[in-house]
Amino acid sequence: MNLWYRGWLLLFLAVALAGCQARRQRSFECIAPANPGGGWDLTCRLIAQAAGELRLLPATLRVTNLPGAGGGMAFAHTVSVRNRDSSLIVAASPATTLRLAQGQYGDLEAGDVRWLAAVGAEYGVLAVAAGAPWRSLDDLVSAWRSNPGRIVVGGGSAVGGQDHMKVLLLADRAGIDPRSIRYVPFDGGGEALTALLGGFIQVFSGEASEIEAQLEAGNVAVVAVLAPERLGGKLAGFPTAKEQGYDLSWITWRGFYVPRGISDSAYRRWVDLMRRVVQSEPWREARNRYGIEPFALLGSDFERFVRAEVETLRGISLELGLIR
Amino acid sequence: MEAIQHLASGFAVALQPLNVILAFVGVLVGTTVGMLPGIGPINAIAVLIPIAFALRLPPESALIMLAGIYYGSQYGNSISTILLNVPGTASAVTTALDGYAMTQSGRAASALAVSAIASFVGGTLSIFGLVLFAPLLAKWAIRFGPAEYFALMVFAFAALAGLAGANRAKALVATSLGLLLATVGFDPNSGLARFTFGEMKLLDGMDFVVVTIGLFAVSEVFRVLEGGEAGRLAAAAIGSVMARVREAVAAAWTMVRGSVVGFLVGVLPGAGGTVASFMAYATEQRLVDRRGTFGSGDMRGVAAPEAANNAAATGAMIPLLTLGIPGSGTTAVLLGALLGMNVTPGPLLLEQRPEVFWGLAASMYLGNAMLLVLNLPLVGVFVRVLELPRWALFPGVAALSFVAVYAVNQSVLDLWLMTGFGVVGYLMRRAGFPLAPLILGLVLGPLMEKNVRRALALSGGDWGVLFSSPLAIALWILAAATAVLPWLVSRRGAGRGALSLLRAEGGSQ
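Those protein sequences? They're chains S and Y, same order as listed.
Here the first sequence is numbered in the numbering used here, starting from 325 and rising by one per residue.
Here the second sequence is numbered in the numbering used here, starting from 308 and rising by one per residue.
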């Protein structure tokens, strides 16, 4: 009993101390603006792993989760608390730019931080159940035209969020009134996919990686891949929206921003690190494991890209009546 | 028979020395982080994944360790709950009702032992379910649509709100308060923020841990403060391990039923361990609580939720492994880890990587046995905490509460909210309002709202959709029966109705 007591107490203290230590240690930090298990978290962890393997930093790149308000907490934290902290990078994606475009981070704007790099991308997909009568976008669009109420789209994001935008854009390109599209939000892509398999929704709007396992098992079929070009791997057999005559793509890039107030040389050091990561072999392997496609935009190129994207998304959101 | 063959091959994987060691490491870490409120298995797993990669563990070995953390934490999370009224994780809240009441009446050791044994029963029985019915249950989970989820939530409320008695109005008020709190935050159906007063931190709604720790632990501290009691909590008798095991046998059937309920709810990606333990507690109370002892320190009130949340942890592996769909944050992290090792969980996993599935199932038997052996002797260690005098113990509880709440979101606002809820909890107790229905409203409210709105959005506003499937209808009948039966029984039994869950914490003034 005594042995148990001491042994366990020792372990408990060790864990507690390790926890405190992790907080205090001076190192580099990657903030994932969500809980573990999501895309932002993965972005941080993969970059930390690659940077560690390549020994690109003098100390470890530590991953911190700062969830809340769809990335808003981390964004506000970066702007107001860490504005001069050159040891910090924060994971971002179109979920970030879309919320910035829709004014969901309060009065904070894209220009309040400095955009560092995109290091990879996933692409949106529209999928249906394996037995569904729609095999192409044309099928889907004509079914929509004749009876808009019959088809319900489900996705993992809220109304006005990424998965909703994908179908709204499709409707827009196809000349259907976006307001006639019925979209039902679920708690994450997994639940939406379950609803597709159960026949509760007819179209699943999500990410390519989310459906891979079900695609392989033959339970779902992809109607359109929302990428500029055809993807490889399990999705090689499915056409893009562009191929089908709809000018529509949704690039879920995975990238980072840094605080606005850091020095130019610190910014350049981070850009340089990202450049070396995206060109490396460990990064290619890591990307492949998670089904992340190559997509690299660095430094000022990425800053321009983000600015343009925010503008576009704001325009579309206004046009579709998602914001005023 | 086939399953037994597969399981034998699974044991061949699980019994490799490396995997035995990893399972032990996993459950040890799991049970430890489970004890630390606010940290939770999700962070522990996220921290250990890079280590698993760095060691180049094969996928099945890594999963054995990481899953060990997950179900191991379900053992640990009841300890601070029972001893200090500080629930370790959300799924342990139900355990606080009877667990802490047992502590207050000097039976902390029994409560901890029952909790460990119930966890073991829940963990072990549910693996049978996993082994025998995984593909079948995956199909069942898919059939569970928004209408069915809604009916399930109504069933849960019926189990609570249908109880007859004088406290009914107060319970209703508490439930409504919980439902109101549940509406705070971003509403995905409209894309708008509700009741956030422009405060970004409130967009995600009231954090469950914040509210619970405030209501339960902080208000307890206030009460002790008011009482000015200089003594200790009732001394805890520490008997032999065997004596406690014998005692727990009385709750054997409760554990079995709790396991079944917990497992079935756990399989549903949209429900989870908290709903599972609530459901198990409520159904068990309906079935066996003849004398109204639930909520005032009934051993079975600890056994049911503890068996259920462990069984739910196992159940959650089913959608993860056979559908590739994570039902919770923790399983999402596990999914990420598996993808990183080139294993794609999904319908083909059982064919393509049988060693992963069966190795995991077999290792869970081992892991649960280890957890029982680990946790039972520790009971004697933990109850010593209660030997601390109150003036030392309760400041500790307060400190632990603050640390736990801050650990969740690193938000100072949460600390204020927690303190505020402490005051609310204190006033509610003074006025004889039960706290549990508030928590239930807060947990089930969002699920209920989301699903009914989804169901109606899918049907285009036709309410008939709520009764359109046999599964939904069955759940409605269950809900109706749960609401009406006790009323009939109590009329026959001269009003000795069971309403402990409602009376639980409110009644002691």
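A hint or two may mislead.
[Claimed, not checked] Simulated coverage check for chain Y against chain S, where a stretch passes if three residues somewhere in it have a Cβ under 8 Å from a Cβ of chain S:
hint, region
1, 344 to 354
2, 423 to 436
3, 507 to 517
4, 525 to 532
5, 559 to 569
[Claimed, not checked] Below, computed lysine to aspartate or glutamate pairings styled on DMTMM-like, alpha-carbon distance capped at 25 Å:
hint, chain 1, residue 1, chain 2, residue 2
6, Y, 446, S, 496
7, Y, 508, S, 433
8, Y, 508, S, 431
9, Y, 508, S, 409
10, Y, 446, S, 540
11, Y, 508, S, 353
Just so you know, these hints were derived from the structure itself, not from any lab.
Yeah, the Cβ is synthetic: ideal placement off N, Cα and C, and Gly gets one too.
Verification of the hints:
Coverage of the region 344 to 354 of chain Y by chain S holds in this model, with 5 residues showing a Cβ closer than 8 Å to a Cβ of that chain against a need of three. Coverage of the region 423 to 436 of chain Y by chain S is violated. Counting CB-CB distances below 8 Å, 0 residues qualify, and the rule asks for three or more. Evaluation of the coverage hint for the region 507 to 517 of chain Y: fulfilled, as 4 residues show C-beta separations to chain S shorter than 8 Å, against a requirement of three. Check result for the region 525 to 532 of chain Y against chain S: violated, 0 residues qualifying (beta carbon to beta carbon below 8 Å, three or more required).
For a cut-off of 8 Å, the count of residues in the region 559 to 569 of chain Y with a CB near a CB of chain S stands at 0, and the three-residue condition is violated. In summary, the hint linking residue 446 of chain Y to residue 496 of chain S is not supported, as the alpha carbons are separated by about 36 Å, beyond the 25 Å threshold. Distance restraint check for residue 508 of chain Y and residue 433 of chain S: the Cα-Cα separation of roughly 17 Å lies within the 25 Å cut-off, and the hinted pair is therefore satisfied. This hinted pair checks out: residue 508 of chain Y and residue 431 of chain S have alpha carbons roughly 14 Å apart, not beyond 25 Å.
Distance hint between residue 508 of chain Y and residue 409 of chain S is fulfilled; the C-alpha atoms sit about 23 Å from each other, no more than 25 Å. With a C-alpha separation of about 17 Å, the suggested pair residue 446 of chain Y and residue 540 of chain S falls inside the 25 Å cut-off, and the hint holds. Between residue 508 of chain Y and residue 353 of chain S the CA atoms are separated by roughly 22 Å; this keeps the pair inside 25 Å, and the hint holds.
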